[in-house]
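With the hints as extra help, turn the sequences into a complete structure.
Residues per chain are reported as follows:
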Amino acid sequence: MKITDLQLQQYGIYQDVSWKPAQDQLVVVMGENESGKTTLLNFIRDMLFGFRRGMWHGRRGNMGFLRDNGEAWRVFRDEKTSWFEDGRGETYAEDLTAVWWHGLNRTMYEKIFAVGLEDLQGTGFLSQDDVRSRFLMMQGGGRLAEAKKQLTEQMESLILPSAQGKRKINQLMERLKAVDAELDALSSQEEHFADLQKKRAEIRKDIADTGARLAREKEEDKALEKKLGAWKYYTRAREIKRQLLLSEQVKMFPKNGKEQWNQLMSRMEVIHDQREQLQKKLDEYTPRAKEDIIPWADASDALEKLYTDLGQWSQTIEDLADLRAEKERWRAEFSHMGYSLPLWDRMISPEENFSMVNWEEGRKLAQSVTVRDNELHFWEQREPEVEEADVSEAESPKQTEEEWHAFEEKANQAEALLHSEMDLQEEWDRLAQKKESGHTFWFWLGLAGVLAAAGGAAAFYTAAAGYAALYGAGIGAAAAVLGFFLNSRAAHKKEEHVRKLEEERRTLTAQRETLGAEFPIALPKTEDDLQVFHNALQQKRAEFYKEQARLQALSWKLESLQRQKNEHKKWEAEGETLREEKARVDKAWETWLEEHHLPKTGADNLSALQEEWQKLYAAQGAGKILDVRIEKAQEKLDDFVRRALAIIRTTGTAMEATPDTIADIYEENRKRLLEWQAVSEKNRQHEVYQKEMDQLTAQWESCQKSVNTLFSLVNAKNAEEFAERVTAHEQHDQLTKEWESVRKDIRLYAGSEEEFNRLWSSLESGEYDEWMEAHKALQDRIDADQLHLGELQKQQGAAENEIYRLAGDERITHALQEKEEVEAELRHSVEEWLSRMYAVHFLKQAQQQYETGRQPQIVEKANHFLQAMTAGRYELAVSEDGKSVYTTDRMHNKKDARLWSSGTGDQVYLALRLAMALAFGRQLEPLPIVLDDIFVRFDEGRQRETLRFLMDLGKEQQIFLFTCHAQTMRLAEEVGREKQTGSFVRLQNGKMISETSAATMG
Amino acid sequence: MGKHFSFVHCADLHLGEPFHGIRSGDKGPWTEAIGKATFSAFEKVVDIAVDAHADAILITGDVYNSDHHSLAAQMAFARELYRAAQQGIRVFIVHGNHDPDEAWRADIPLPPSVHIFSSEKVEAVPLMIDGELAATIYGISYGTRHVSDNLARRFERKENDGYAIAMLHTDMGGESSPYAPCSLDDLKQTKMDYWALGHVHARKIVSQSPYVVYPGNTQGLDMAETGPRGCYLVDVGAYGTVTLKFMETDAVRWLDMPVDIGAFPDQEALLREIMRQRAALKELTGRPNIARLILRGRGPLHRAASSESGQEFLLQSLNEKEQFRHIFTYFSRIEDQTKPSLDLKERRQLPDVMGDYLRAYDETAGLPKPELTARLRQIADAQPEMKKLAAVPAMADEDMFLRAFRRSELLGAELLAEEDADEDH
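Chains A and B, in that order, are what the protein sequence lines are. Everything in the first sequence is counted per my numbering, starting at 1 for the first residue and increasing by one. Everything in the second sequence is counted per my numbering, starting at 1 for the first residue and increasing by one.
Quick caveat, the hints were computed from the structure, so don't treat them as lab data.
From the derived model, a few chain B residues whose C-beta atoms are all more than 10 Å from chain A:
hint, residue
1, 126
2, 128
3, 157
4, 208
5, 257
6, 279
Listed next, the in silico DSSO-like pairs over lysine-lysine satisfying Cα-Cα at most 30 Å (straight line):
hint, chain 1, residue 1, chain 2, residue 2
7, A, 111, A, 20
8, A, 280, A, 691
9, B, 36, A, 168
10, B, 388, A, 844
11, B, 387, A, 844
12, B, 387, A, 149
13, A, 198, B, 121
Glycine residues also receive a C-beta, built at the ideal position from the N, C-alpha and C atoms.
This is how it looks when you write it as structure tokens:
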């Protein structure tokens, strides 16, 4: 819809003002305050929706507009009357706007289409729930929730799912249950009724049967009663007959028999009375024995003695208590004594027994331990030394002595051969030269032999060499003897010798050469060589003996080492023995300690041990003495108690045996003795009464005898019989008369003589008991039957009553009706509940729809507007929960409403507002948008941006922009020129003083 | 020439049957009247027979509802039969589905003038008048509650039986009905003169040759049974001329009272109008009435007419002044057929919450019926209260769910519209 013209005939400061606003360009209206700007705004609103309540006075005007469908309309409002007129001139009295725009009212229009600065200030706008719910849809949920809440409350007022729910449906269900139960109970009525009828028939039959039986029984009983009636007379007759018989038994009776009887009776009466009186006295008192009063009479001596000893007894009790206390103290001390004894150092149980210890034995054992310790100590000190020795040299000798001797033998042989050769040579030479001397070779040889023997012996004896030297000496000696012998021979046998010598020399040379071949050293060939040979030989010998000496030394050293080892073994064996001995002694010591329950300690502590033990022993002794004293005191006490108990036992009580008890008993005894004195007096009196009684009894018996004599006279057994017989005897005539009279009576009762005879005989036959039994049985039966009959009649009455009651019982009809009504109510309530439940269900769906669907559309549009207004500086988006909007700048910084500058905020809200208005327009019909001074907080740049945007939008949508700022107007005109659009109006005092269009401004 | 005779034909007495659909309200004289209505109606039947010197009373089934095991009903019935017997009126009875043979448990002795037809076979009982055979009455009872046999086919007319009357409780025309189904042809083929039928509560003379007559029930039992109820007094002339006269017997009448709310600015005015109409109604029926108030049209009272509390208020105001009258008109309920001020059709198109709501409703409402009922059940079953409600007898009633569902449309829409209304002021 677009406004085509306004006719302000009379409206505020406007009088007959007419204005045709532009429809396809932004209309900017500038007017200072009081210029009529707001009035103009109000005029448009009033034209659309009517004057506000009470605001019609003196207002009239009309407004032309084109609807979206192209229809031209005009609305007239003249004070209280108003009408609409269409293009054809037809008028409509009703407010068509409400019909056209689905109830869009003035308030709503103002909120959506007419935007003032106030509306753009901050978030106030957003807090208008209705606006949001309808258009922005931000709080549509709130509205839905409110509806849901109301419905849920209504549902809850109908039913609560809990078992305790006391709501309408719950209560109805309870009622239904109750009615059902009642109906259930009543539904058995029909069968009950049938049963009752059957029962009534049965009862009727039973009543008839019982009645008939009862009549029969009564008839039978009547017959029996006749017989039983006669029985009374008959028994009377029988009694008279019996008395007559008795009278006949009395044969003889003394005349004064009755007087005697009477005297006896009165006498006996007196005695009887006296006896009764006496008996009463006797009964009053029962003699009592002394034992009854003083049960402990036998023990009274003992009691007396014990009472005397009471002081001593009490003392004994105290002593015993003291002793026990002392014993307790001792126990405590003794127990802790162990801690004061270093060797024990433990809690000692008083029960431990410190028996006598054989300290002599202990001392001996301790000494043994000390001796063994010392021995062991000294043994350790004596450990023999064993050298460290290298026995690797003890290899076998390089050259044995035999080899050496063989070698030396060969050398000697060789030398001997040489010498023999030399000698032979010499001899030969001497012989040849005839230069002779007494000293031949043999002499020198003998001398050398002596020297060698002497050297060998010396060597042997100086221990420089072994037996070989000795042998050498021997050989030397033999050589000397031989030398000297040959020397002497030679002188005598020179001639012969020369020849022989020649021969011998050749032999010897041959021998020597043979020998030389197997000898290691070059054998001497001449005497000159001999020195060299000797030297070599000597060197060999020296080597051999040196070796021999070294081997000897080694063998001695090994021997010494062996000896040391043996010594050490011997020492060890000795140590072992000592240790065993020591262990044995230690064991004996420990055993001894153990045997005497002594703490483990070294033998050297013996004295301390003995000392401490003696302390313990002495302390235990003191304890034992206490025990003995306690025992003695206890014995003494026991003796008292035993004596006391013996006394208490005689009292028959279970008192405790204490001195107090005995004192009490003694006191009691004294009291009882006094009592006994009184009782013994009474006992004596009783004896007197008893004697009197005995006398009376004797008198009574004498009377009894006389009575019996009288009894025997009339053959009576007792006084009654006696009296009866005596009376019968006296009244014999009278009885005879009565007998006859009774028989007459029975005859009369019988009615006839035959009947009498029959009756009499049946009476005599004595069947009375049977009749009586039969009568009684009959009576019982009659009673029972009558009772039964009564019961039956009662039952019949009850059944009939019940039948009557049931026949008239209309409860079931009412109950059925009630059930029907409750069910109807229940159905109704359940239906109510269900309808609300479904409504809630669809409300929930609507909520979902709103949350996911529409809201973003408007925000998207608003975003588009905002971008256009801010040249893309800001984007608008809705928060995830849909409850608020925020902006994003080019740097992707998110800002919510609190962080916007006032200008940005206004732009955002303007964008939102316009988006909403357009959305509404799309759904219904586009309506003119009025913006009232919304640029107040915009700087110039922002104003310019917004104006550009509005100029574009104003081409399609009729927009009025009101402002009171000339600056804004100026900017608008600039932008209008730039955009070639816009209409600019100036107001002053309710008049339009200028109106220009951008198109005409050039 | 036959013998002139007359009889009363009634059926479906439903003695002791409670009135359905009356919501529990104040107790008063009407409680008594309602409780006794079925009995009073049968008393009137006997009165009619006595007054008209009828020769017989024919009762074609459903004397009482055996489910209720009401002894009172059986007693009341017996009492009336004795009264008829005293007047020499013979009574012929066939049992129907509500009171089959097996159901009569109270064993109340009935007078010898009463004949109850066997359920075993079709019996023929002569109706003698002054020693002459006037008619033969054929009939068969229900042995059990359901009888799927076509009992009509068992009827066979005898020769020389005078005027032939057949008694049957049947659901005529209901082919697979469990109530002795039969067709009109079946009946016609038996050559009977008068078919005295029972079972259908609305009276109708199905055929006049032969007469096939449903007398309807003697007392309307619920809101569906509006209008006069009664029996037929049938007069059979000596030459076979038959005159049927409908006799009203209902003690309480069910009625609908439609009122357009459009003309009434407030509830008081509406109440005044209803009361005026009520007075006229009493004149018209001459007996107590139970009325359903049907409010129609569009007007300011729509909200009062459609809301629970508004209806309660109206009912209370109307019944309060009526409860002590002997000839009363009791408004049992209000049926709201008024149009809302909301234009739901238009609101559906709107992009607001109400539009959303109505569209959500439409989504379900658009389902085919079987799916719709299943869906409604499903929605309901998700509620915790349903466990408790399972014990309510009406829970099996699909229609209730449908009604509740339909009601929810306006219920939600009106709540959502409330704010608009508030803003108008």
